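J.: Sequence:
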Amino acid sequence: MFKHDVCDALKAALSKLGWKPPRLLEDTLEKPPDPKLGDLASTICFDLAKSLHKSPTWLAVELSKVIKPVGLIARVEVVGNYVNFFVNVPKLTELTLRAVEEADEEYGHLKAGKRKVVIEHTSVNPTKPLHIGHGRNAVIGDTMARVLRALGYQVEVQNYIDDMGRQVAETLLANQLIKRKPRAKFDHVLGLIYAEMHRRIGQDAKLEERVRGILAELERGKGKRVVTAKRLTQRCVEANLETTDRLGVSYDLLVWESDIARSGILVEVLERLRATPHVTEGTGERVGTLVLRLADYGIDDKVLVRSDGTAVYTARDIAYQLWKFGQTKSGLRFRLHSKRPDGSKTYTTSQRGKSIARFGQADKVINVVGAEQRFPQRVVFTALKVLGLEQESQNSHHLAYEHVWLPSGRFSGRKGTWVGFSVDDVVEEAVTRAHVVVEEHAPKAGERFKQEAAEFVGVGAVRYSLLSTSPEKRITFRWEDALNFDRNSGPAVQYSHARACSILRKVKRRGGKHPSDVFKLPQEARLVKLLARFPEVVREAGEKLQPNLPALYAAELALAFNTFYEVAPVIDAETPELRAARLRLVNCVRITLRNALELMGMVAPERM
RNA sequence: GGGCCCGUGGCCUAGCCAGGAUAGGGCGGCAGCGUCCUAAGCUGUAGAUCGAGGGUUCGAAUCCCUCCGGGCCCGCCA
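Under our numbering, the first residue of the first sequence is numbered 4, with each subsequent residue one higher.
Be careful, since some hints might not be right.
Unchecked claim - Below, in silico cross-link-like pairs of lysine to aspartate or glutamate (DMTMM-like), each with a Cα-Cα straight-line distance of 20 Å or less:
no.: 1; residue 1: Lys188; residue 2: Glu199
no.: 2; residue 1: Lys332; residue 2: Glu271
no.: 3; residue 1: Lys225; residue 2: Asp262
no.: 4; residue 1: Lys6; residue 2: Glu33
no.: 5; residue 1: Lys348; residue 2: Asp311
no.: 6; residue 1: Lys342; residue 2: Glu271
no.: 7; residue 1: Lys34; residue 2: Glu80
no.: 8; residue 1: Lys188; residue 2: Glu432
no.: 9; residue 1: Lys34; residue 2: Asp50
no.: 10; residue 1: Lys188; residue 2: Glu241
no.: 11; residue 1: Lys523; residue 2: Glu580
no.: 12; residue 1: Lys418; residue 2: Glu199
no.: 13; residue 1: Lys225; residue 2: Glu212
no.: 14; residue 1: Lys117; residue 2: Glu543
Hints listed in this document are in silico derivations from the structure and should not be mistaken for laboratory results. Model, not experiment: these values are computed from the prediction.
Throw the hints in and build the complete structure from the sequences for me.
T.: Rendered as structure tokens:
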């Protein structure tokens, strides 16, 4: 709002002087290094100095003479070469507080129309538990889904389950050969016997042959193995979903690779690709294969179909991507899978399901996939272009994230290095630790409260620690980060929310009008400015696919609220007017913190 | 060999895409704050050649080039 007013004022001043704006006015604006210098500064005089051949200082003075303080602008000051704008704090305060109060749970939300977004995330092989790196994927994806929903998109979250891959084949063999199974949650059992089997296969060529046999059987889609595979992978997915439920992550649709394989989508898409000039038979070493040639697009060629006739992963991904956009003739069948704890429904693809067209049909697709898959993702998006789906290609986004590492190195499902670092393990440890802290903090509270608090604090800490680092940076897993309850943590945000609630709980009557100039403290102004920024943060997070922005923002707001809390008595404020005004402010902080927590999939507790 | 990502105080991190004034936070360190709305808090303080070098520019953490360190991709693998 303020930014907009400043641009308007600059534009008017420039046209009055007959000076041409050198570039987008908004791009000349920045935050001064010291709030005493102003709330926004324009560096436009540096640009004008070049085109008009005058000193920037002189230009700044001349410009400031004709700038009219409109809207939220209180005054304009020139410091050196900068034109600095001060916001009218009382005006901004009234506008912001009213906006927050009126929108309430919608504050920060936008109505961006009815466009539909499909977000694919998690997509773990159904042969193991989620380790903390998968947790990062799920939390990033889930947060993006929440952000885009807030922005008014119709969001559909899909979890792709590859129940036909080599890992499944090895797991089937493991299940058959390893009689003494460890006692654990089902996905952990599979993960453990898979690692053991992988070790044995490395030592025994006969086992390798058997794996290939099983793989071929799965590929054919007929026989006892297929039934067993379905049973095991389904149970594994159920176990995985227990984990994601606990994290507050949910899915609209589970997409099974085997269902896609039998739907005819892959065959259809390959057929269409074959009809384009970019897809040809392989030559030389690649005789008998089908190759996607992308030199025209500056990308290496990619084999789509092996000489034995089977399709590579990328080919399946292309087919799936087309389906997400509703660009295939063949379709899938669906049935209700379950109701999630948050009340939402999860559907699954199914051979026996009813065919309903409401899934897919996306305007925009976001794939939350590891950064190492940048090349194959690019191939997929380029393949859409090859098929003439220019729009769909441009509306395809790879939200690439780097993996979570242990201090000792990478996670490996094959080597089983995830043991002790599964999402289940980490969340359990965090909740246990949180319980100790809750115990210290509220010894007299009931056990039920303590358990609930420990749960949302533990989960909040884990979610925040996975979310707050920008996705393109590798995270080295350290227990002290995942179990961080200090400021700049998930629980710190929750704590500030609970504090705000606590104040509001203690007063019977709140609200009412207040003279807009009762606020005097810089801490109050800072809070107001932060509150005003929230919608922009949400928008930017959605547009740039940066799910860490809400996390950073929430921590900043929580910190600012704590600072305010120390210096500004609310209930015992000096005057009734100030008390009423501060109550409004606290309530608006409460609303905004809650909405931010909601975006991050974290509980906003009234007490903790 | 070709390409992509990362490198910011002891540790973690924001800022980089859209160059601007004194590089923001947090952890840890040190020194303080308990009659008072939740101390999971607050205040103060020390600590940074923004990986290195060069270039562009009035101005570079930010743009360009080279190099160094770490990671990843370039399979009929999965």
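J.: Hinted pair, alpha-carbon criterion (20 Å max): Lys225, Glu212. Please report holds or violated.
T.: Given that 20 Å is the threshold and the Cα spacing comes to 19 Å, the pair holds.
J.: Quick one, are Lys523 and Glu580 close enough, alpha carbons at most 20 Å?
T.: Holds, at roughly 12 Å.
J.: Given the hint that Lys188 pairs with Glu432, test it: the Cα-Cα distance must not exceed 20 Å.
T.: holds (16 Å)
J.: Taking only the CA atoms, is the gap from Lys34 to Glu80 under or equal to 20 Å?
T.: holds (14 Å)
J.: Are the Cα atoms of Lys418 and Glu199 separated by 20 Å or less?
T.: At roughly 8 Å apart (the allowed maximum being 20 Å), Glu199 and Lys418 satisfy the hint.
J.: Given the hint that Lys188 pairs with Glu241, test it: the Cα-Cα distance must not exceed 20 Å.
T.: Cα-Cα ~11 Å, so holds.
J.: Holds or violated: Lys34 with Asp50, Cα cutoff 20 Å?
T.: holds (18 Å)
J.: So if I understand the rule, the pair passes when the alpha-carbon distance is 20 Å or less; does Lys188 with Glu199 pass?
T.: It holds: about 17 Å lies between the C-alpha atoms, which stays within 20 Å.
J.: Given the hinted pair Lys342 and Glu271, is their Cα-Cα distance within 20 Å?
T.: violated (33 Å)
J.: Need the status of pair Lys348, Asp311: alpha-carbon distance at most 20 Å?
T.: violated (40 Å)
J.: When you check the alpha-carbon spacing of Lys332 and Glu271, does it fall within 20 Å?
T.: holds (8 Å)
J.: Next pair to validate is Lys117 with Glu543; report whether the Cα-Cα distance is within 20 Å.
T.: Holds, at roughly 19 Å.
Consistency with the previously given hints fails for numbers 5 and 6, ordered from lowest to highest.
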